[in-house]
Structures are given as structure tokens and as C-alpha cells.
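Peer 1: Chains as they are written, first to last, in my numbering: chain A, 38 to 357; chain B, 38 to 357; chain C, 63 to 384; chain D, 63 to 384.
Keep in mind the hints are simulated off the structure, nothing from the lab.
Bear in mind the structure is a predicted one, so any value in this text is a computation, not a measurement.
Don't take each hint at face value.
BS3-like mimics (lysine-lysine), calculated; alpha carbons at most 25 Å apart, straight line [as the list claims (entries may be wrong)]:
(1) B/K95 x D/K367
(2) A/K171 x C/K171
(3) B/K95 x A/K289
(4) C/K169 x A/K114
(5) C/K367 x A/K114
(6) D/K367 x B/K171
(7) D/K169 x C/K367
(8) A/K95 x C/K367
(9) C/K169 x D/K367
(10) C/K171 x A/K95
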Amino acid sequence: MELKADQLRGFYETMMTIRAFELKAVELFADNQLPGFVHLYLGEEAVATGVCASLTNKDYITSTHRGHGHLIAKGGKVDLMMAELFGKSTGYCKGKGGSMHIADVELGILGANGIVGAGQPISAGAAFACKYRKSDAVAVCFFGDGASNRGTFHEALNMATIWKLPLVFICENNLYGISNCQRDHMRVTDVADRAAAYGIPGVTVDGNDVIAVYEAAAEAVARARKGDGPSLVECKTWRWRGHFEGDPAVYKNQEEQEAWLKKDPLVRLEKKLIEREYATKTQLDEIKGKVEAQIAAAVRFAQESPYPVPEDLLTDVYAE
Amino acid sequence: MELKADQLRGFYETMMTIRAFELKAVELFADNQLPGFVHLYLGEEAVATGVCASLTNKDYITSTHRGHGHLIAKGGKVDLMMAELFGKSTGYCKGKGGSMHIADVELGILGANGIVGAGQPISAGAAFACKYRKSDAVAVCFFGDGASNRGTFHEALNMATIWKLPLVFICENNLYGISNCQRDHMRVTDVADRAAAYGIPGVTVDGNDVIAVYEAAAEAVARARKGDGPSLVECKTWRWRGHFEGDPAVYKNQEEQEAWLKKDPLVRLEKKLIEREYATKTQLDEIKGKVEAQIAAAVRFAQESPYPVPEDLLTDVYAE
Amino acid sequence: MKEMSYAEAIRDGMRFEMQRDANVFIWGEDVGIFGGCFGVTGGLVTEFPGRVIDTPISETAIVGAAVGAAAAGLRPIAEIMFVDFMGVCMDELFNQAAKMRYMFGGKAKIPMVLRTPCGAGMGAAAQHSQSMEAWFTHIPGIKTVMPSTPADAKGLMAAAVRDDNPVVYIEHKQLLGIKGDVPEGDYCIPLGKADIKRDGSDVTIVAWSWMVHKALAAAEELAQQGINAEVLDPRTLVPLDTAAILKSLEKTGKLVIVHEAVKTGGFGGEIAAIVAEEGLDLLDAPIKRVAMPFAPIPFSPALEKCAIPSEEKIIAAVKSLF
Amino acid sequence: MKEMSYAEAIRDGMRFEMQRDANVFIWGEDVGIFGGCFGVTGGLVTEFPGRVIDTPISETAIVGAAVGAAAAGLRPIAEIMFVDFMGVCMDELFNQAAKMRYMFGGKAKIPMVLRTPCGAGMGAAAQHSQSMEAWFTHIPGIKTVMPSTPADAKGLMAAAVRDDNPVVYIEHKQLLGIKGDVPEGDYCIPLGKADIKRDGSDVTIVAWSWMVHKALAAAEELAQQGINAEVLDPRTLVPLDTAAILKSLEKTGKLVIVHEAVKTGGFGGEIAAIVAEEGLDLLDAPIKRVAMPFAPIPFSPALEKCAIPSEEKIIAAVKSLF
Ligand SMILES: Cc1ncc(C[n+]2csc(CCOP(=O)(O)OP(=O)(O)O)c2C)c(N)n1
Ligand SMILES: Cc1ncc(C[n+]2csc(CCOP(=O)(O)OP(=O)(O)O)c2C)c(N)n1
Ligand SMILES: [Mg+2]
Ligand SMILES: [Mg+2]
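Work out the full structure, taking the sequences as your base and the hints as a guide.
Peer 2: Printed below as a string of C-alpha cells:
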């Protein structure tokens, strides 16, 4: 299935939204406007975008500490996200969660997560719910190369396999877990090779090529929807920034960093759009302008919103 | 390296010791002489025997809830073991551990373990110690098919691999974890296939053929000793009894059970010994007689030993 | 009313909830044809096809996936074969199940029950005999239930399943076989209501789970000796019926807390602290705790029986206050 | 004496032990070139080649393998990046490290240190801000250490590494940067010795870790108001210096316990219970606990600051006793 022009332009808009959101977060963090830890998705925009393109609101995702991109790609609202980053009461979590815990259960977003790998079994549970209810909804689990060394990875993949759950595991292999590079934390080159340990398909794609990501994910999602069980899709990519804002990333090889910056997924998509005559530079600039205005509005919304009040401390602990 | 007659006779004696120990435990348990849970190794004697044949007292093993065979094969003393099963103060653990926690650290036996899979990271630590001290000692980790679904399996294999630890993982695949048969708890036929997820060798052998086990384990142990890192050896076998004594194992297929009983590892070794003229039936009967006398003595020792006294309750909690 | 065992009552409670709500299901290790390590789910797999599910030996996935299923609208009852295995999946319980709702600003519900047996007394040694409720009570966002009788077991199971929050439901291995009258059909005991298992006026013994029975036996003996003990079973530790405890103390002025878990850091400390803070003037004697000493649980029955709080120790503790 | 930060003091302590004993090594996530998430191991990887080791994100293996290495004769210092991640590897700590010696009849030693930072105050939200010492204190076989000053941090590190038992060493994120005089060279503080951080006669405030500093600030303010508070820092919770607490109460007759962990099920309960059992007649007022309320820790600094026990709350608790 060849992607249509409007689909690709949609990818561009989503990726641009993530990009603009994250660039703004860099700025705001440096300006001490964002408390806590902020892990950015800059450079990895093609992954969430390419994957979520095959999902609807009935489908579930579990996200990670580096979750802004997943949220935006799954339809999350940038104003509520931004307000949450600021710790404001108008944020997605009323300021109680912050960047690492944004969720929108209505949209099927079962949360960013501060515990590396924790989303893996949670996504299996969501996929089980889809199957139990005999719906054709699926779940998608995002996680990093580092997270693929956690026990949860093993248990969740095995469980999903034996129950043939409608689940797609997306490994965002950005080659590092904090300072620990992949060749030091595992001895296989492709995380996708781990799929064989469960007897499910595993593929590796260029995670900076949104079309490649889309195609691989679409196939895996279709498989899941049809009842053929889980798959593992590895997307090789690169995080542009330190692990969190404030990390100078001295452990990174500068040449590698530069080589990857040249593979900017947005620039590559932009080129394709223009080559295929799916969009003109002006149209793309328009998209960019629109997106930046949205982000600016989100920041204003966040800044102007009130902080939670002390009484909020003890609400939402239990459901009544 | 062709096994010599005395080596094979040694295997026979070890396997016969395990067999006699376990058959006696069946009897004693039925007679209410053994408290707690007792998990027997009957039918799996070839695995521990074939593996431990390549180990010395400087090498480490971690064992499981089904540990009697590992202990005996690694040189554990049957009288101290039997007394421990009885909960007597003369037992390996002064009666504090019982069947599931027998250890002999001097012999490198880092304990049976009541937590499925817990030995996996512990063995990695022991292997690390061997490497850190630049000794040529190795560690061996025994675990079941069921245990290969625990997160600890994944984390320990990965860690052992990246640090090239002198460690051999022995999966005793008896096709069941309690009532859950392998085809219901994983979707690969050979647990050994999971080795590829880490980039280490994985082989599957007939676990009821002590020579096959010996050869595969010897190779893996040699690799580890040379500094070439970990391997995974899967030994297909069958537990004759229920999961623990008292479990009637209604979930087992009776035909499968009978087919496996015909593959009795001791009978097979006996045949080989006689075929190769490494031993006569009389010699083997002598070994059997000797072993049975040892076990009888162990039972007497256990029965005649005193129970621990109340004051023992609070000792051994901390080292001074 | 129907006489049944504690194990049957738990099963009856689950059965009723499964009939009542198709979203309720059970999973855990060997809960299907094996019926669970202690037989509690026996037969349910045939009564409810597809809803009683054997899992691999993967506790983090058992609990983690239950959290995901609950977040997605189902109502899992996840079994962990022994409470001692909770160390494997505490993250899923305390960082995920317990906190999701709060972290998400109240926009998620995690209606799940984590069923698990606790307790010593069967020579199962240090890794299969523990009582770990204190850990759970320290986790905001979950509730902790520990029934002591068949009727309570059933009524609290209904409440646990219907609760929209994660509930840790701890059944005691020594109680599975005890018998008692249990209301038939729909029977739900609200969480957070203590039950006076024996009326008394001279001393309040707060005890839960197996220890209720030890406390009752001790109370009978004490009655012979002229001391009339009240035995108060909180039944749920979170929420805790503090009012009931203080009310009993108004009458008795003396408090003995009995729990099987290790004394240091046990939930008895919490109860003592609440009383020392909110009811100090009700006390006319020190607060005594009778609990497991600070050691792992030994295998040998000869030692194990010294570790478990006994009738005799309860009696001695009570008498030391007079 | 040398002025150094708490983080430097921890590092100095580890450095000294590593120089002293070749069997001591460090592993954990990003402890090498990254120097640990909070910089505590910074530089050690170059000072001690091959002895400061980055692990994969595999907490169960980090702790489990440390247990194995310790059982095989080494002395690991394993770092868990945040105490909040301990839910992932509690089994390795409480069923393996803590119980091995006992289960094996005294025939093993597990000399390992588990270093991990705790605490709120940096907007790190519910999964990166907790204080979980209560869980550890409920585990026979391990010890729990929580230093509040640079000097204590160093001296207790020496004791922790030299101890032949598993020691959980919890450092507070808010304290890493505080400065203080620290003895140079060999400096070891025995585990189980409380330290009076401020002498006083009117009320005893027992506090540990960051809360010692809040208690000291409160005490200064209280002094202005004519109340002379003693601030007692137990420094290690297991073993606990019960005698020092009771001795202080002989003088003051009033007890306020301050901890950052959630109040319900917190270690404050244990201390209150000990006093209610062994020193009830020393008290002339209820025991007060100042602690985190029963909720996950919120992200927004506007809320987080309401959750953390404050000087004001300590002052109010103390004054309520007069
Ligand atoms: C269980 C657990 N261990 C460690 C951490 C600390 N931590 C947060 S993110 C991270 C690295 C994750 O690496 P990866 O999975 O590759 O994701 P990336 O950050 O590269 O997107 C670590 C170690 C954590 N949050 N949870
Ligand atoms: C973490 C944990 N989960 C569950 C159990 C209960 N249990 C004890 S043995 C066992 C089955 C183990 O199966 P396998 O690893 O194949 O070993 P086998 O008994 O077949 O030798 C289970 C589930 C346990 N002891 N520990
Ligand atoms: Mg990564
Ligand atoms: Mg098995």
C-alpha cells in the first residue's frame, strides 16, 4: 500500500509538531521553567509517527520516560501536555504526573512511565483486554534498546506470544541507555533478533525513515488485528540530546553524533515530499508555521494556568 | 575425548546415589517423616551427573527447588542432606533450610533455591567472582524450562554475555513447570534457541543420556574456562513424579509418562556399560548395594539426630 | 448460610463475581486444571471457559499485565502462588498499579485483585512462609485485605473485586481448611470495617488472619484465669478501622497486637503508633506486640513452632499488663 | 578534617575501602564514565580500572549477581539508581541476600552494600522520589543505613563495606551537595549508634536523613520560642539504637518522630511502638509523627512541597505537645 500524499503530509505535520514541542522544551528547561526530569524525543520523531499512523483511538499504547513523541503521534493534546510539563493544574494529570507520567486513557495512551520496561507487561495486559473483548483493537508497546535488557521484556514477549495477543513491540534503538552504548549492554547487533527466542517475527528498520517505520509497523499491526499475534519491530535511531536535559552527553562519540544529525528524519521526509511533488516548500513552511503557533499557544496556556492547590494533594489517590 | 570405563562407572554410581536417595525420600515422605515440600529429581539423574563431571570443588553451581541431584553430583554428602530433609540439627543447614535450601559453599554449591529463576543472576555473580579473581573456575546454573520464562533468565544471560563470564546455563527441560506444559508456556520447541538472543552458543541434548549431557557440558565448561564466555545447554528430560511429593500429576499424559519411563537414564547407562564391557551386572549390583547402604546409613543418621533447639532460632541471622 | 471451608468461600466469592461481571477473570500460575497450588481455584476453569488462565512463571508479567488489563477496563484477579514471590513483582504493584490513577490525575481506574497466600506453619521454610502485609500497607493507592474466617473471606472477596482500586487479598495457608457458616449468594463486606470476634472488657487484642484464631484460643484460656479479652479483627489493614480500635480501648485500656509477620517494621507498629498518638490517654499499660522474631522462618518444625506467635505468648503478653 | 560534600564523602568512603581491599568493587547503571546519575561515583572508574562497572538496565541481575559475587567471596557495592527501582529487585534482596546465611545454617556470608538514593524535593514525581526504608527494616538479615551528614556518610560507608552482611545504604538526593567537615583517611562509624545532632531537654525529635536538617531548623525556631528540642539521628534503622532513644526520653518525656516516607506503615511506627512498649511511663504526652501523607508523590513543585514534612509541620507537632 503506497502512502498517499495527504498521509505523508500528515506524517510531516506530526513529526514537525513533535520537533517543535521538543525544541520548545529545550528552551523552557534551560530557562528553568520546567521542573524535574525532561527526556526529549528530538531525532526520533519518525518512529512514533510511523507507528501510530496505523492506530486508532481504540488501540492502546504504552510509552516511556521519553514519551512526548508517542503522545503527540497518538493524538495527545499539546496544550495539556505542555501544562503538565509546567506542573499546572490544567495539565493532563492536573500537574501530578509531569513529563514522565502523561497519559490519556481515552485516547488509549496508558501512560509514559518512569520505570524503564514497565510498559512491556502493561501493554500485554491491554492487548489481552482487546482479545478478551473480541474487539479488533491492538496494543503497541514502545521501549528503548536499554529496556530490552529488562526482565519485563522477556516475560511480556513470551506471554504475548503464548496467548497470541494483538500486540506490537516497538524497540526504539537509539543505541544508548543513558551513557551505556548498545555494544556494551548487549552482544547482538539487532534487538529484532531477540524475537526468535519467542517464535515471533522480528524486523529491523531505519528508524529515521518514517516510511520504512510505517510499513513495518503497519504490517505488524495488521498481523495483530487479524489475530496472528505479536511482532517485534526494531527502529534504529538516535537521540540528539543528552539522556535528559542537563546531560552534556560527554560519553557520546562526536562523529557518530554528527553523522546521525545528517540523517534528520524530518529533513529526509521533507525531501521526499518535494521529490514526489506531494508538497511544495511553501506548503511545508505553512505546516511548520501552523505547528509553531500551536506550540506557542500551548506554552501560553501552560504559563497562564494556575498551579494545583494544596487540597489537590490528597485527591485521586483512590477511586471511589 | 572418549569417556573411560572408570569415569562411566563413576557416572553410574552418582546416578544410582541420586536414584536411591530420591526413592528413599518418596518412601519417607509417604511415611510422614519429611516435613515441608519435597521436589524429586527422579528420572533426571543424568543431567546433574553429566554436567558436574566437568567441575571441581572450586567451581560453583546454583541449584533449584529440585536440587537433590545437583547436590549429590557436585559432591554433597547424603547424610547431611538427609538430616536436613528431616529438619535435624546435624543437617547441612542445621535444619534451618530444608530440601529447598541445602547448600555447601565449601563445595561451591550456592544453594538450592525456593524462588524459581533466582539462581540465574546469582550464578552470574559467582562467575564474575571467578573472572575478577583471575581464577579458571567457572559457574554452572541449573534451572528448569519453566524458569526460562522468568525475567531473571534474560537479565542473567545478557549480563553473562556482555561480560564474557565463565558460566554455563543448564536448562533442565522436563517439559513441565508444575502443571503447565512447555507448549503452553512458550512457543519455541528448544529453549536452547533462546541463546541466539544474546549471541552465545545454545545446544539441545538428550538429557536422559548421560554421555550426551557430559559431552555438551564439557564443551561449554571448557569454553567458559578458556575465557570464551557463557553457553546455554538444554537437556530434555522428564520428571517421573508429581511436581512435589503429594501431587498426583493428573495433568500429565499417561502415554507420555510411560514412554519416558522407558527412557530411564540409569537403565540406558547400565546397558552401555555392559555393552562396552566397562562393567558386569555383578559389579553394577555391587555399586547399587553400596549406594543403598549409604542411603540407609544416611537415613539412620538423620533419624537418630536431634532436632534443633529453640535457642537456634535466632542464631545465623547475621554474621558477626 | 452454608457451611464451607475458607478455601471454598474464597472460590464461592470469586465464582459469584465472575457470574455477575463478564469482565472478571482469573490468571496465575497453575490456576487452571491444577486448581492453584492450594486448590483454591479448583474447578473454576471448567465453569468459566477462557476466563481462568494459566500463566508462565513470570510474576512481573502476571501483575504488570493485570495492571494493563485493568487500565483497559477488565477486572483481573491475579494470583501470585505465595506472597513470598511478591519481591519479584513489587514494581508492578507499587509503582504501576498503586500510582497510575494519581499520576494520571485521576483519569485511570485499576480495578484489580491480587490474591496471594501467606503464612508459616507447614515447614515450607524461609521463602514460602512469610507474611508481608506491612509492605503493602506502606503503599498509597492500594488496599490490603486479610480475612480470618470463611464468611469474611467471601464477603471481602466481593468487596475486593468490586472495588475500583488495586486490592491485595491475602489468604492464610493455615486457614484454607477451616470451616464456617457463609452467607449464600451476594455477600459483600465493606472494606475498612473491623469485626469484634470476641467481646471483652479487660484488654483489647488486635489480630488478623491466622492470628485471630490464636488470639481467640488465648482469650478462652485467659477467661479461665479471670481476664476477659476482646479480640478485634481489623480484616482490612488499609483502610484501617482506627475508630473501632480506639473504641475498644475506651473500654479496656490495654492493647496487645498480634501478627505473624516479623515484629520489626510490622504493621503492629502502625497500630501502636496511631494509639500512642490518638489514644494515649486511653492506655493504662504499655502496648504489647506479639509477633515473629527478627529472623528468617526456619524449616525445621521444631524451630518453626518457636517462631510463630503462639497462644502461650499471647497469654503471657496479656498477663504482663495486669 | 576536610570539608567536603556528602556526595564526595560517600565517594571518599568507597575509595578508601577500594584501596584497602581488592575484593571491593562497584557496579550499577552508568556508574562508570557517567559517574552515576547523581555523580557520586564520578572519577572512580579511572582510579580503579576494572572495578567500577556499568551494567545493563537489569536491576534483578545487578542485585542478584552481587549476591552471587558476595557469596563467592567478593565485596560488591551495587548501585540502584533510585530507591524507587527496588521493587524490581526486592526478591534478590529479601529472599536471597537477606536469608542465605540463615537458610544455609550460617555457612555463607553475603558482604554486600546496596547503595541507592532516596527522597523527594526535585520534581521527579511519584516513581523517582520515594523513601522506602520501612520495607528494608522489615527484612531480617539485612541492615539499613541512612546518613544525614558528610561525616556520617563516610563513616557509615566504611562500616557498611566492612560488614559481613548485606547493608542497604540510602543516600538522600537533597543532601548530596551539602558540605561538612569529614575526617580524612580511615574513618568508620559503628552501625547501630545513634547521634545526638542537637542537645535539648524539652522534647526529643527523632529524625533521619534529610529530615535531620528539617528537624534542626525547626529546633532553632523552637528555641526562639522557648522550647529546647533534642534532635536524635539514629543513622542506622537496623540495627536501631533503642537505648539512645529511651535515654533521651528520660530527659524530655516527649517524642516527635519525623520521616519523609509515607506515614502509614513507615518506620516511625516501629519507633513509636518500641517506646509505647518499653518506655510508656517516660512519656508525658502523645507521640507525634510528622511524615508524608498517604498519597503518591506529586510532580508539581506546588504540590510536592506540601507533601514533604516541613519545618513548620515539625514545629506545629512539637508545640501541640506543650
Ligand atoms: C527500572 C529502571 N531502571 C533504571 C532507570 C533509569 N533510567 C531511566 S531512562 C534509562 C535509560 C533507558 O534506556 P533506553 O531504554 O534505551 O531508552 P532511551 O532513554 O534511550 O530512550 C535509565 C537507565 C529507570 N527509570 N527504571
Ligand atoms: C518466582 C517463583 N514463581 C513460582 C514459584 C512456584 N514454583 C515452584 S517450582 C515451579 C515450577 C518450576 O518449573 P521448572 O522451572 O520447569 O522446574 P521443574 O519443577 O520442572 O524442575 C513453580 C511455578 C516459585 N517457587 N518461584
Ligand atoms: Mg536507548
Ligand atoms: Mg520443568
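Peer 1: Now, for every hint given, state plainly whether the structure supports it.
Peer 2: These are the hints, each one checked on the structure:
1. B/K95 x D/K367: Measuring from Cα to Cα gives roughly 55 Å; hence the hint is violated.
2. A/K171 x C/K171: Holds, at about 21 Å.
3. B/K95 x A/K289: Roughly 41 Å separates the two Cα atoms, so the pair is violated.
4. C/K169 x A/K114: With Cα atoms ~15 Å apart, C/K169 and A/K114 stay inside 25 Å; holds.
5. C/K367 x A/K114: violated (60 Å)
6. D/K367 x B/K171: Not satisfied, since the Cα-Cα distance of roughly 51 Å exceeds 25 Å.
7. D/K169 x C/K367: With Cα atoms ~23 Å apart, D/K169 and C/K367 stay inside 25 Å; holds.
8. A/K95 x C/K367: violated (55 Å)
9. C/K169 x D/K367: At roughly 23 Å apart (the allowed maximum being 25 Å), D/K367 and C/K169 satisfy the hint.
10. C/K171 x A/K95: holds (17 Å)
Checked against the numbered hints above, the structure violates hints 1, 3, 5, 6, 8; every other hint is satisfied.
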